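Asks: What follows is each chain in one-letter form.
There are 4 protein chains.
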Amino acid sequence: MTARTYAFLGPRGTFAEAAWRVLGMPDTDGQPAPSVTVALDLVRSGEVRGALVPIENSVEGSVATTLDELATGSPLVITAEVSIPVQFALLVRPGTSISDVRVVATHPHAQAQCRGWLAENLPGSVVIPAMSTAGAAQALTEGATYDAAIAQRIAAEQYGLDILADGIADNDDATTRFIVVEQPGPLPDRTGADKTTLVLFMHADHPGALLEILTELSVRGINMTRIESRPTRRAMGDYFFSIDCEGHVDDERVGEALKGLHRICAHVRFLGSYPRHDGRQPLIRKGVSDSDFTDADEWLRGVRSGEIG
Amino acid sequence: MTARTYAFLGPRGTFAEAAWRVLGMPDTDGQPAPSVTVALDLVRSGEVRGALVPIENSVEGSVATTLDELATGSPLVITAEVSIPVQFALLVRPGTSISDVRVVATHPHAQAQCRGWLAENLPGSVVIPAMSTAGAAQALTEGATYDAAIAQRIAAEQYGLDILADGIADNDDATTRFIVVEQPGPLPDRTGADKTTLVLFMHADHPGALLEILTELSVRGINMTRIESRPTRRAMGDYFFSIDCEGHVDDERVGEALKGLHRICAHVRFLGSYPRHDGRQPLIRKGVSDSDFTDADEWLRGVRSGEIG
Amino acid sequence: MTARTYAFLGPRGTFAEAAWRVLGMPDTDGQPAPSVTVALDLVRSGEVRGALVPIENSVEGSVATTLDELATGSPLVITAEVSIPVQFALLVRPGTSISDVRVVATHPHAQAQCRGWLAENLPGSVVIPAMSTAGAAQALTEGATYDAAIAQRIAAEQYGLDILADGIADNDDATTRFIVVEQPGPLPDRTGADKTTLVLFMHADHPGALLEILTELSVRGINMTRIESRPTRRAMGDYFFSIDCEGHVDDERVGEALKGLHRICAHVRFLGSYPRHDGRQPLIRKGVSDSDFTDADEWLRGVRSGEIG
Amino acid sequence: MTARTYAFLGPRGTFAEAAWRVLGMPDTDGQPAPSVTVALDLVRSGEVRGALVPIENSVEGSVATTLDELATGSPLVITAEVSIPVQFALLVRPGTSISDVRVVATHPHAQAQCRGWLAENLPGSVVIPAMSTAGAAQALTEGATYDAAIAQRIAAEQYGLDILADGIADNDDATTRFIVVEQPGPLPDRTGADKTTLVLFMHADHPGALLEILTELSVRGINMTRIESRPTRRAMGDYFFSIDCEGHVDDERVGEALKGLHRICAHVRFLGSYPRHDGRQPLIRKGVSDSDFTDADEWLRGVRSGEIG
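Residue numbers (this note's numbering), protein chains in the order written: chain A, 1 to 309; chain B, 1 to 309; chain C, 1 to 309; chain D, 1 to 309.
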């Protein structure tokens with residue numbers, strides 16, 4: 001491993017590797033890691049330059065782990081994100097036909113996504129839970145006692161399996177969002193279509209804290225696109241909030257909002273400002289553009305100097 | 001008149017002159033002006049250095065005039081305020097006794113304040129409206145056809161009248177607040193117990209504008225102590241807000257709030273930061289002291305430079 | 001005087017009488033009252049059925065009196081409003097020509113409105129303050145020592161004066177809004193373009209109270225069209241708010257908001273729901289129509305009964 | 001299986017079974033289910049009366065599955081909750097000593113919780129991920145190739161394993177919260193220390209929606225204790241919110257707030273009102289008690305009937 005290496009959530013053949021290919025970072029190597037925790041630890045220890053891990057998805061549900069790992073320990077920041085479509089296929093060992101399939105292994109979320117297809121096409125089959133979709137596929141080649149795995153297409157190529165059926169998710173719009181995580185350093189440049197991720201630790205026993213947080217954002221015209229309250233692991237009922245909001249910390253409105261959050265929270269952990277995967281620019285309402293902030297600065301200077309009544 | 005002269009709302013013998021004495025500005029002269037409009041025009045034209053006019057009171061009700069005159073025209077700022085108790089007396093020409101009093105003149109608000117005393121002590125009398133309480137007193141000496149005036153004690157001395165009864169207001173806690181108004185210049189120093197006065201012109205057809213204004217103040221922990229919506233005189237339904245809030249524009253929280261108001265309002269007119277007449281310090285909630293703002297500035301610099309994750 | 005009589009703020013020839021004619025209530029008589037206080041007292045005592053008094057205007061500034069008188073004493077309610085244009089004329093005794101005019105009397109606010117015309121047309125004249133514009137006109141016929149009065153056109157006819165110049169206000173869009181006040185009784189019917197007036201007394205030492213009030217209104221989609229903080233006359237710094245908001249108390253959204261205000265305020269005085277003078281219907285945002293409220297009631301009944309998960 | 005049977009998230013020996021015992025529902029049977037999805041499906045099909053599943057915990061991270069399963073499909077409601085401490089032990093086949101342990105299996109979250117203990121006591125060991133802690137324990141008895149499992153104590157008894165070390169979590173305050181889920185029916189009675197769980201689907205492209213939701217709660221004095229935004233699975237960026245708030249839907253303040261949410265959300269799914277596991281009563285601020293609501297209802301009736309001004 002070198003400083004040019006990026007860890008991704010493995011094994012090979014998962015969506016993480018697919019996401020890795022989509023990002024297309026030249027002159028770097030990818031390397032699978034067995035868990036989000038391990039992937040991030042490799043970044044923290046400096047063994048790899050960064051890690052590609054899922055943060056929000058409609059399949060594997062690994063959001064919580066990623067969020068919790070980023071919220072504690074030595075600081076890491078997000079430098080990029082990518083979203084890839086989730087496609088499921090029914091994979092079997094070469095030679096297996098659909099009529100041979102009695103037992104299917106997959107991750108429970110993938111099972112949930114393919115419930116309709118399974119009911120129609122394999123009504124008599126039993127589905128058993130696996131740790132990951134790629135793990136279910138890999139085990140097929142290592143003597144697993146079940147007949148098929150539901151996993152993504154890429155796993156077939158990876159493990160030498162056949163695809164009995166493709167596109168079997170009931171809802172084919174599903175996607176998973178991955179992030180690239182690195183040690184703190186120079187921020188990605190503003191693109192005008194950016195996202196900022198924060199972890200906000202609240203003062204204890206503070207009802208109304210979330211309303212205050214949202215107000216700090218909304219008075220600066222900033223839209224929040226994701227929020228979760230997570231226990232701090234000290235005891236149930238002691239929370240932090242993990243949020244994504246539109247904009248880059250170099251935007252004046254985001255900078256002032258972050259200062260406001262810093263003042264009212266027990267602790268703010270900045271998890272990065274980076275380009276949105278979809279390139280969608282935020283609607284900037286009247287009064288919160290950079291020039292509006294600059295004009296206001298100048299006006300206040302005049303007021304304080306006694307020039308403006 | 002000189003640059004050492006201050007105009008006050010006259011005639012001599014009104015509360016304004018009493019307030020003027022309370023302020024006790026050394027090496028200056030006072031001079032009565034016939035109306036708030038005239039007093040402020042004298043400041044604008046440079047004929048006097050400042051003017052002392054009522055802004056909020058429970059007697060003469062002249063708030064609206066003062067507010068409207070300050071909201072338009074060339075800019076003026078408030079540099080001090082003083083509050084004086086409102087005391088009413090029944091004044092007569094020397095030789096008049098209480099049994100002679102059939103007709104009493106006074107300003108309608110003073111009449112309202114003394115309603116109980118009049119009903120008990122002069123049940124058969126008629127009260128006629130006058131332009132000001134001091135005007136009612138002055139006219140007694142100039143051949144007015146009524147028998148007595150309700151005015152403040154100071155008017156008796158001024159116009160050579162007798163005091164038939166003193167302290168006749170039904171509620172003896174009443175006070176009037178006066179302000180000193182000057183041309184823009186260096187601001188009064190921060191005392192820690194200051195007030196800031198603003199005029200906020202709204203964009204047309206903007207329901208919810210006031211909620212936005214209050215939110216800009218409350219997110220910075222600033223309490224508002226007075227508010228009025230006033231028509232802009234262009235047409236009914238087009239408003240501005242005249243507000244007082246706690247704090248000095250040199251306070252970080254007030255500065256940031258004013259910048260916020262500048263961004264969301266069509267126009268903000270700054271009418272001054274000056275010591276409160278009652279010396280009451282605001283309760284500064286957690287997170288909005290000057291050092292909280294300074295800490296947040298430093299933290300944001302670290303975040304933007306990539307040093308802090 | 002009878003129960004068919006309405007008092008209006010006199011003397012005859014003021015805007016109040018003009019407003020009275022515009023309202024055109026059949027089978028009723030009008031009668032001048034010397035002050036807002038007297039006019040309202042006549043309603044309270046039952047001597048007249050109602051009173052027509054100014055509540056908001058750009059000329060006489062009598063808002064404060066009206067608001068204060070309605071906020072205390074035995075309850076009264078507003079049943080109608082009317083807005084009339086403010087037109088000023090220069091009135092003289094028959095035979096006086098413009099070159100004879102040296103001294104002009106008027107109310108200071110009227111003077112302010114005609115400042116430009118006076119500077120151009122009567123540059124050398126002196127303006128002296130009067131209690132009301134109509135009073136200044138009336139006094140011309142009773143031996144006043146000045147030469148002309150600035151008042152509304154109607155006063156010329158009333159007092160037998162000549163009009164030397166008409167439409168002399170610098171801004172000819174000015175209007176005054178009058179209200180009809182009666183004893184509590186059946187409310188005016190909903191028209192869909194109504195206004196509700198309230199007086200809100202706050203609990204002592206409650207910073208942030210106004211933000212709470214506005215929030216109670218805004219969560220039910222109600223726009224506020226006027227607000228003033230007024231001292232309670234007990235002592236400076238103890239306030240009530242006088243507000244107008246869109247809608248009728250029979251609207252579901254207004255009813256729920258009023259209940260919310262009743263719960264958070266020390267006292268709420270309802271001053272009436274009545275048709276807007278301009279017939280402008282409010283913009284009712286998604287979720288706050290009467291049927292939205294009715295649907296929600298029904299849904300909650302289902303939830304509480306255990307029928308809906 | 002019968003209507004007296006409750007499914008719990010199995011296999012036997014997990015925290016879910018421990019929680020089941022704590023709840024102590026008499027005259028009922030427990031039965032393990034392989035996944036949250038299966039457990040809830042058993043309730044929906046009527047095969048069991050209810051299911052006990054984790055909703056929030058610091059170990060297994062299965063919150064997302066539970067939330068998503070409750071948010072869609074035929075409606076279910078929560079009728080009870082219980083919180084149990086999370087205790088970890090190192091389990092081995094009888095005869096294994098600590099010096100024999102080279103490879104340990106467990107769920108990644110359990111590994112994270114025991115990281116410190118492992119580094120100190122088994123520095124050279126390898127940890128491999130398992131689908132659940134109990135599954136890792138169970139597989140030890142079925143020929144798994146690893147030497148030990150980290151799981152809860154109860155699993156030792158269940159699977160005939162030895163406890164080599166107990167209480168090995170780095171933080172021994174950790175807990176998991178479980179809920180009992182049933183088909184809709186009569187609600188649990190109010191206890192004064194209740195919680196209400198909701199799923200709120202937002203109208204598309206509605207920035208500021210969360211601020212509106214929180215405002216609907218806060219104006220009725222309701223504190224939110226958990227919030228998560230979850231993708232609707234239709235496409236990334238289309239969210240619902242899953243929230244817990246204090247109080248019972250039979251509380252007036254909660255009822256009115258729910259109606260408010262019903263009016264502003266695209267859809268509200270009510271997931272139940274039930275006693276809090278910790279019996280903690282909410283702080284009810286001035287103005288939002290049931291009697292405050294009842295008083296306000298009565299007052300509004302008076303206002304609308306014209307009796308109250």
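No lab work stands behind these hints: they were computed from the structure.
Keep in mind that this is a model prediction, so the values were computed, not measured.
There could be a bad hint or two in this list.
[Unchecked claim] Each pair of labels, with its calculated beta carbon distance range: (1) T141/B x S305/D: 40 to 46 angstroms; (2) P186/A x L283/B: 40 to 46 angstroms; (3) P186/D x D189/C: 53 to 59 angstroms; (4) S99/C x T191/B: 54 to 60 angstroms; (5) V103/B x G167/C: 49 to 55 angstroms; (6) K286/A x A266/D: 23 to 29 angstroms; (7) H267/B x G167/C: 58 to 64 angstroms; (8) P186/D x G192/B: 55 to 61 angstroms; (9) T28/D x P186/C: 56 to 62 angstroms; (10) D290/B x K286/A: 48 to 54 angstroms; (11) H267/B x E47/A: 57 to 63 angstroms; (12) Q183/A x M25/D: 30 to 36 angstroms; (13) R280/C x G192/B: 43 to 49 angstroms.
Heads up, the beta-carbon is just placed ideally off N, CA and C, and yes, glycines get one too.
Asks: Hints first: check each against the structure and report whether it holds.
Replies: Taking the hints in turn, this is what the structure says about them:
1. Judged by the Cβ atoms, the range 40 to 46 angstroms given for T141/B and S305/D is violated: they are separated by roughly 56 angstroms.
2. At about 42 angstroms, the CB distance of P186/A to L283/B agrees with the hint of 40 to 46 angstroms.
3. Between P186/D and D189/C the CB atoms are about 42 angstroms apart, so this pair departs from the stated range of 53 to 59 angstroms.
4. Distance hint check for S99/C and T191/B: the Cβ-Cβ separation is about 56 angstroms, which falls inside the suggested range of 54 to 60 angstroms.
5. In this structure the hint that V103/B and G167/C lie 49 to 55 angstroms apart at CB is violated, the actual value being about 38 angstroms.
6. A hinted range of 23 to 29 angstroms for the beta carbons of K286/A and A266/D is consistent with their spacing of about 27 angstroms.
7. Checked against the hint of 58 to 64 angstroms, the pair H267/B and G167/C fails, with Cβ atoms roughly 29 angstroms apart.
8. At roughly 60 angstroms, the beta carbons of P186/D and G192/B sit within the given window of 55 to 61 angstroms.
9. In this structure the supplied range 56 to 62 angstroms holds for T28/D paired with P186/C, their Cβ-Cβ distance being about 60 angstroms.
10. A C-beta distance of roughly 30 angstroms is found between D290/B and K286/A, which places it outside the suggested range of 48 to 54 angstroms.
11. Range check, H267/B to E47/A: about 58 angstroms between beta-carbon atoms, so the 57 to 63 angstroms window is met.
12. Here the CB-CB span from Q183/A to M25/D is close to 51 angstroms, at odds with the stated 30 to 36 angstroms.
13. One distance hint, 43 to 49 angstroms for the beta-carbon pair R280/C and G192/B, holds here, with the actual separation near 47 angstroms.
Going through the hint list in order, the structure does not satisfy hints 1, 3, 5, 7, 10, 12.
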